[in-house]
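So the protein sequences, as listed, match chains A and B.
Under the working numbering, the letters of the first sequence match residues 1 to 404, in that order.
Under the working numbering, the letters of the second sequence match residues 405 to 549, in that order.
Simulated from the structure, these hints should not be mistaken for lab results.
Keep in mind that the hints are not guaranteed to be accurate.
Stated by the list, open to error - Calculated pairs, DSS-like style, for lysine-lysine (alpha carbon to alpha carbon, straight line, at most 25 Å):
hint, chain 1, residue 1, chain 2, residue 2
1, A, K219, A, K339
2, B, K442, A, K176
3, A, K211, A, K6
4, A, K5, A, K339
5, B, K442, A, K339
6, A, K339, A, K6
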Amino acid sequence: MKTLKKAALGILTSVGSYLEVGSMGTALQAGAAFRFELLWAIALGTICIAFLLEMSGRLSAVSGETVIGAMREDFGFSFQVWPLATQILIDLLVLASEIGGASLALELATGISIRVWAIPVAFLVWAVLWKGTFGSIESGVAILGMVTLSFVLAAWWLHPDWREVARGFIPRRPMKDGAQYAYLAVGIIGATVSPYLVSFYSSGAIEDRWKTSDLTPNKMTAAFGMGFGSMINMAVLVVAAMVLAPRGIVADTYQQAGVALSQPLGRWGFWLFCASLFIGSVGAALEVALDVSYITAQTFGWKWGESQEPAEEARFALTYIVAIVLGIIPSILGIDPLKFTMFSMSMTVLALPIMIAPLIVIMNDRRRLKAYTNGLVTNVAVVAIVLLSFVLALLAIPVQVLGG
Amino acid sequence: MTRLSWSLLGPLRITSTATILMAVILMSSACDRSRSEKYARLIEQSAAWASAGTYSEELRQRRYVPDAYVRDLVAAGSLETGQLQRPLNESRDVPPAVRDRAGALNDQVRQQFDNAAHTGLLDAGRLRQLHMALRALADSVRAAR
């Protein structure tokens, strides 16, 4: 019963925090431009991230170490500095996108520029991190994030041709504009397989004091949480394919996409769209800002933990404050959050191999994981994900130039 | 070589092949962009603004979206169509007649947004016409590949 309760909580958290400015933006653009043809990219990204989360959760539950901590121990500080620097850079880009996404949701609702909203949004993120505990942030994001289920409701209401939807799960060459198709595919996978999710999940497992008895909830959270979460993202794509694509609205900006829910959900549609974008972005901003603190503290061996008073872990709190301050700069400069997000997704893909490749070694270390090292399936999965990440990293720049 | 690594070889070959196949599909798709395709996409971007203006005005009349949102869309539409003008006018990828037509249509879309910024009203009928003209032009550019 306890296991089921833990699993249910984990699944709820994953579902509630799945959608954010990057995944929502890429799915909207993909649906608007290629209808259901890019559903496979969401599915592929979800399978990859589910495996990575299961592994990072298992590592923390069995060894009491985070992915970053284990990486530092196995490869040494001089190696660890490079993934750290890369991930901090990526985290800052993603954090800036999320602050921009939340500010843009407020701009859509009020007509007041994101330049004005960026500072209050950043203040909100800081205040929640400063006052909240890991548990309260986790549950708050999960519960509020349920608003994103409105996309699933809308997709169901729109009655898409399910055979055509099913065909979208098979990758194939598109009918038009292959360059944009490849660019969006890489963007979707970049938005789904975010390295911050891996380090955040593993740090969260330590915050929640997971033990080996939590391995079943961990598996269920990774598989079902990510699975149900990806359904929301797929629903966003389906809604865009059913509402925006027939009208020729390409969703290059969130201003164009803001009406996506108005046809299926009437007067509530617009407000639910804004609420989904705002809550999803703020939730992700909280996670990414925390992740910057987690990975920095774990690399340098500082005390860390969101559930402690900031005064007790001043360096930990200072790190996320600096990250938040840096994260508001693009919004204050008025850079379009969706364009910035697409850029940061491509950069994420570029950094992916550096972040994931060490997992092959860490997850097969018997001293650390005892009887819980990777089996055949997880080893094949992690090698395949590393291979895929190398391929995507090679493609990231060409597709950005050709299709972006 | 250990028993584990031998047992990994088969599945790894399959996943490696699948990954390479996917990379080939993506890379060949990415390289398959002719100059006219690039231009057609620019025209579609302009058409998308015309359509977004039409749709949001219809939704505003039904009170499905607030005035503030339409004002924001108008400001963004004016800015983005203004930025499209130069690449549409200066591209060497299509015949001059197509370029002139696309530039003129995009300019009319931009003017609609500029007018709406002053009057507060979008002319949904005119924007619909512009959207259809731009879509037809994009299709003809693609067909002429």
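Hints, verified against the model:
1. A/K219 <-> A/K339: violated (35 Å)
2. B/K442 <-> A/K176: Answer holds: B/K442 to A/K176 is near 11 Å, not above 25 Å.
3. A/K211 <-> A/K6: holds (12 Å)
4. A/K5 <-> A/K339: Violated, at about 40 Å.
5. B/K442 <-> A/K339: holds (18 Å)
6. A/K339 <-> A/K6: violated (38 Å)
Hint compliance for this structure: hints 1, 4, 6 are not met, and every other hint is.
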